[in-house]
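Based on the provided sequences and hints, a complete structural model is requested.
Residue numbers (this note's numbering), protein chains in the order written: chain R, -2 to 188; chain W, 27 to 201.
Treat the hints as calculated values from the structure; they're not laboratory data.
Ideal Cβ positions, reconstructed from N, Cα and C, are used throughout, including at glycine.
Please note that the accuracy of each hint is not assured.
Per label pair, the in silico range of CB-to-CB distance [unchecked claim]:
1. R/110 x W/173: 45 to 53 Å
2. W/163 x R/110: 53 to 61 Å
3. W/98 x R/114: 34 to 42 Å
4. R/21 x W/73: 30 to 38 Å
5. W/123 x R/148: 16 to 24 Å
6. W/199 x R/5: 47 to 55 Å
7. W/98 x R/156: 27 to 35 Å
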Amino acid sequence: ADDAALTSFVQRLGGTTTLEADFVQTVQDQQGQVLQQTEGRLAIANPGKLRWETRPPYEQLVVSDGKVVWVYDQDLEQVTIRNLEMRVQDTPALLLGGRQADVASNFEVSQFQQDGLRVFHLIPHDKSQLFESLEFAYQADQLVSMTIADATGQVTDIQLSNVARNQPLDGMAFVFDVPEGVDVIDARAGF
Amino acid sequence: CSLLPGDQQLQQQQLEQLQDWQLRGKLSVRTNSDSVTGYLTWEQQHQQYDLFITGPMGQGSSRLQGNPTEATLTLPDHDQPLTAPNAESLMAEYLGWYLPIEGIRYWVKGQPSPASKATSQFDDYGLLSNLQQNGWTIRFSRYQQHQGIWLPGLIKLKGYDYTLTLAINEWTLHD
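Structure, rendered in structure tokens:
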């Protein structure tokens, strides 16, 4: 494996204690046809804290305090609670949220330059993961985009803008209290 | 077309003619052991369907395409699509849950399926509010008018140890 890439990527992760950004997420099939586009605001803080707010029409709020994840679907009148794990939809947030130690044990890291960006390419050791590769593109120390590719050649591209790094964040952003009258699905294993 | 719904017959006739549409929204599936939530894009042209379901943050997208005689399922962890004559058994085997694909194509519009017996309740505006059909109990709400037709925004189905909830954010009617 490319140790220089691993070290450089882990160093960048380590250099970020909090991250806030607007995102535009585009899912394309292998022919490049856009299947879906959503946008919203994300906030990530060390360790493993996340707030991923997708705006209508695909309204959804994902909040994690670093141990538990709440997924609130207002339109479905439903909240799903589960444990935070190295699962594909938690992985980008987990890595950015300070779990650098997990990178070496879970991924093979390589790097390349593209359009003036330093891109880190991660391939999971565990092939049963739902994704084939993850890419994090940086402009100097600033994360610009994340890309998730799966076995059918489908690519999810998450472009970040208005990025604020290492700014103080309100801790309440990472706590979720369940609204009245909402179906609660508690999917925490062994709860 | 009526601005205010009221006439149950007219409403059902309009739905009957509506055979070519697309909806975008969110689907939640609960079995007694698992629960899945994802974004849904569904294109229906008469008997032909194309459903695309993706998880939050674009993870684990699945696609179900087909017609009453053949179904094809594309999954993130299979690089080859899977085909079978019956969509429901294909989904049950590979997804662990299934959509009652034949009936739901009508129910999603707020219309009982013409293919079998049904017990329906309508609200004061002549819109379908509750339905029992094919072993499913279905509740309809959040009706809104789209291009002159009243269509539901929230549908909850219960049956066979499944609870399915479908929130529809966008309707596009092609007819």
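Do the hints match the structure? See the list:
1. For residue 110 of chain R paired with residue 173 of chain W, a C-beta distance near 50 Å keeps the hint of 45 to 53 Å intact.
2. Take residue 163 of chain W and residue 110 of chain R: their Cβ atoms lie about 58 Å apart, and the range 53 to 61 Å holds.
3. The hint said 34 to 42 Å for the Cβ distance between residue 98 of chain W and residue 114 of chain R, and at roughly 37 Å that hint holds.
4. For residue 21 of chain R and residue 73 of chain W, the hinted distance range of 30 to 38 Å is satisfied, since their beta carbons lie about 36 Å from each other.
5. Distance hint check: the CB atoms of residue 123 of chain W and residue 148 of chain R are about 21 Å apart, consistent with the given range 16 to 24 Å.
6. Between residue 199 of chain W and residue 5 of chain R the C-beta distance comes to about 52 Å, which sits within the given range of 47 to 55 Å.
7. Separation of residue 98 of chain W from residue 156 of chain R is about 31 Å and conforms to the stated range, judged on CB atoms against 27 to 35 Å.
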